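S.K.: So you can see what is in the structure, the chains are spelled out below.
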Amino acid sequence: MRLLLLGAILGTATLSAQTSLLAPAAPATPAPSALAPSDIYRSVVRIEVATQVPDYATPWNSGRFSGGIGTGFLIGKNRFLTNAHVVSNGRRILITVYGSPKKYPARVLFIAHDSDLALLEVEDFTDFAAFPMLEISPGVPQLESQVRVIGYPVGGERLSVTRGVVSRIDFQPYSHSRADSHLVVQIDAAINPGNSGGPVVQGSDVVGVAFQGLRSADNTGYMIPSPVVRRFLKDIEDGSYDLYTDLGITDFPLFNPAMRKAFSLPDDGLGVLITDVLPTSPADGLIQPNDVLLAVDGSSVDSSGQVTLDGENVNMHEIIERKFAGDIVKLRIQRAGQPSEVSIKLAPVPASRLYAIQYEKKPRYVVAGGLVFQPLDTNLYASTKLENIHVRRLFGDYVRKGIFLERKDIVVLTRVESDPLTSQMEGFAGLAVDKINGTQVRDLTHLHEILTAASPPEFFVVELFGAPRPLILPSAEIAAANERVQREGSIPNLSNLKD
Amino acid sequence: MKFSAILCLPAACALLHSCDQPSAAAVPARLTAPAQAAPTAPIVDPMKSVLRLRTTMQNFNPGQPWEKNPPVSRRGLGAYLVGGMVITTADMVADSTFLELESPDGTRSAPARIVAVDYEANLALVAPAAPAPSAPDAAPSAPDAHPIFAGMTPLAIGEAPALGDTLDILQIEENGVPLITRGQLQSVDIVSTFLPDNFFLTFRVKASMQSVASSYTLPVVKGGRLVGVLTSYNSGEQISDVTSTDVLSHFVREAVDGNYSGFPSLGLSAVRTDDSNFRKWLKIPAGEGGLYVAKVRPQSAAMLAGVKEGDVLLAIDQHSLDRRGYYEDTRYGRIFWSHLVRGLRSTGDSVKLSLLRDGEPIEANAVLVRDEEGTGLIPKHSYDRPPNYLVKGGMVFQELTRGLLEAYGKEWTLRAPMNLLNALENPEDFEEGRRRLVILTGIIPTPATVGYEEVRNLIVNEVNGQKVKDVASLLSAFGTLAPGGDHHIKFDEAPYEIYLSSAAADAVDKELRQRGLAELSRTSAQ
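Residue numbers (the numbering used here), protein chains in the order written: chain A, 537 to 1035; chain B, 133 to 658.
Rather than coming from a laboratory, the hints here were simulated on the basis of the structure.
Please read these numbers as outputs of a predicted model, since none were measured by experiment.
In this text, a Cβ means the ideal position worked out from N, Cα and C, and glycines have one as well.
Worth double-checking, as some hints may not be accurate.
Under 7 Å between C-beta atoms, here's a sample of chain A residues computed to sit facing chain B [as the list claims (entries may be wrong)]:
| hint | residue |
| --- | --- |
| 1 | D812 |
| 2 | I1008 |
| 3 | S1011 |
Bound-form chain A, shown alone (with noise of 0.2 Å):
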């Protein structure tokens, strides 16, 4: 890039040019393109929304009313591209753009949350008509090449744009739903609260979209690249947005000498071993424990877990995040010593999605006699202290020793109501629940079913896990204490079992 600039100068007059040998090197930049930079500033729209965020610790209650800014971009014909985590949990969306202070009311068409993006859309698109539509790129930018990053952050009301060069290129955890990691790309242009959202451009395109930072470094922001964006776009071409696919498999590193032996492996430091298979996942009696996975669609896997992609060391799992639910994947693997081929068909696995914090969802419970009954999830560990071991193991296991295939629902009693009914019942708080008269409870419906039975035992014997004894609930005295808890506590309905 460096030549072409000096190749335009020496082409005008040799005293710039000279001027320009001589001066101090100015940081490479692209060539001049059709849309100057200020074009596009329109199309970066400052997002502001008003928001209602449950309470998993009162369930009943109406949640926090808060809100937020963040950045969006146009994509296409009313279509603004944001983060999820700016329009989650949202009530009012108003988009106001670069120059005006019209507000226009906005609303979600699609939004991924194990991938942090989200698509809105304006009511009235008219006076959007004439903006220039933005491209995403197709590739991911090369390290130390230039980016601007456009959008609303804090220190100011108006635009804002930094600067800075590719930094990395990595495999991260995105921090919106906590259990999920994807492609990142760092770059060192300031990225504030506001820029969520944003377009981060090399030249007119764009090449990822400003997400998160990282408070404990300096100059260290990030983005999610076009790779991402792309696969998010094409999703939701059928109408909908489907989860990613997880092939189910956890992997451990084969750098050890008499290990790859024992395994018949030559030393090419190539192959990972596979340690557990989650049950009812797309690699689920296809692939065993200690198979080793030599290669994924062709390109081989190194012992720690990465293939070439794009002349990119990457995270082998970016082949699988780049698939949807129905393609296939090939993976090469070895077992007792002898190379087959297995073709595995993705799809995603549901249970998984335990571990991330669920948006727009209401949170779901049972009031029964002033026990308060919760299904375990990543929220209401948010929301409550759980430090109870059994509550902390079921949840670690929930997935991987295939919990979920008896349980839907791991129901935490999570409160006592102070009711004369359940006065001396406070000691069972924070436990769950594993039986109530001898029949294993599968979710928190199938509680509320065994609790408002038509005909009831004299007295319902709940067996928590942990709990020195029984807790014992007459069931003659429920609809009392119900009628007692619901006046003094302002609970309007005993029960939510739909999210």
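Chain A is fixed; fit chain B onto it per the hints.
M.R.: Chain B alone, transformed into the frame defined by chain A:
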């Protein structure tokens, strides 16, 4: 003797008077005087019946069990008992590497040894370490004749005090001056003062204590006799915890005969029945109390007597238990039922249990045993027991103890590895084929452990095809490998199985020995 530092209380004045007299026997004359006589004037002279105890405690580094943590020194006071022994707390002697008795005036000192220690009750008996005989045919001297006790008067253990009684807590200041603090036995409670979950009758004595050198483990006396040992003081409430006379006399009686049989237990854990819904379901008749038997320990006295989970314990030896587990003690009022077994009985005694099963009354007879320390997958404590370990090629293996998990700090129940916390909570899931639970605690990066650096805190199942039941069997399993082969280690969790080159491991072991790891294993029977 100088008494300038003593508070001017009637007690102190009487002491002053008694010291002027040639012998303690002359003192009673003052006490028998009516009305004006000082109430319960102390006859004990700390300078004659109390010794200083110096200990150095040094435990093993949990992460590097071949070496010890830095030593910690402590000083306390012990009461001199009949028979040439000194009573103190187990806390003072736990993991001790050095024990020394010192006369209160500092003129005599002697190395000491532990005669008996009970970590559950937090008591220990120490005595001067046997002196070398002066002549081969000289008669062994009586224990009291040891020079450390010269001029001293042993204490006898007294009758248990009643609530409201005045007790004296003995201290000796740095300059050798005795300090006696009068306190009142305000209440009793059943508490655990050292090993968790071991509850014993404890006196709560109200007195404002001074912080004085050697203020750990103070003797508490009444009427010239020892009635308790002070184990802790809460300065905010001005209440001291004092081990009760029942527990103290049981310990000393059992320990002195040389065959210490500890404190008995029934082997059941029980919970209250004060929840009215719970009582209705259990069909407990009105007017009865009762405790719900939540767990019966295998092979325990309760199990052998036929007690089952779900039974309601109504009475022990005709002492009715109320719905919270308290019974009426003639001396101390309502106290927790465990004292009926742990405090008032000895191993081998028989107790009658009155139970309710499915609403029907039944009786059972339990012969009390001691809950042996050696049984159980995870030992109750690891004091005075150097941890067993094996270092192989850089892999560090140990036997799981509670202490290893407590090393994670105050919040260890949240921070220690989940799988090990689970094993501590549910040892019965791992007991089969095991004496102890062997775990890989960590990896020293070496040429033999390339690629395994992140592997740690895993339960070991098998090595080279042999089940691992403790560190000794782990060591022998490593020894069964044919030369030149690779060790095969199997774990309970991912990565489930790994391999260790024996040639590389042997070379690493040789190098580790040269670099300060003198012993690569310890497999003492524990």
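S.K.: For every hint, state whether the structure bears it out.
M.R.: Status of each hint after checking the structure:
no.	hint	verdict
1	D812	holds, 6 Å
2	I1008	holds, 4 Å
3	S1011	violated, 11 Å
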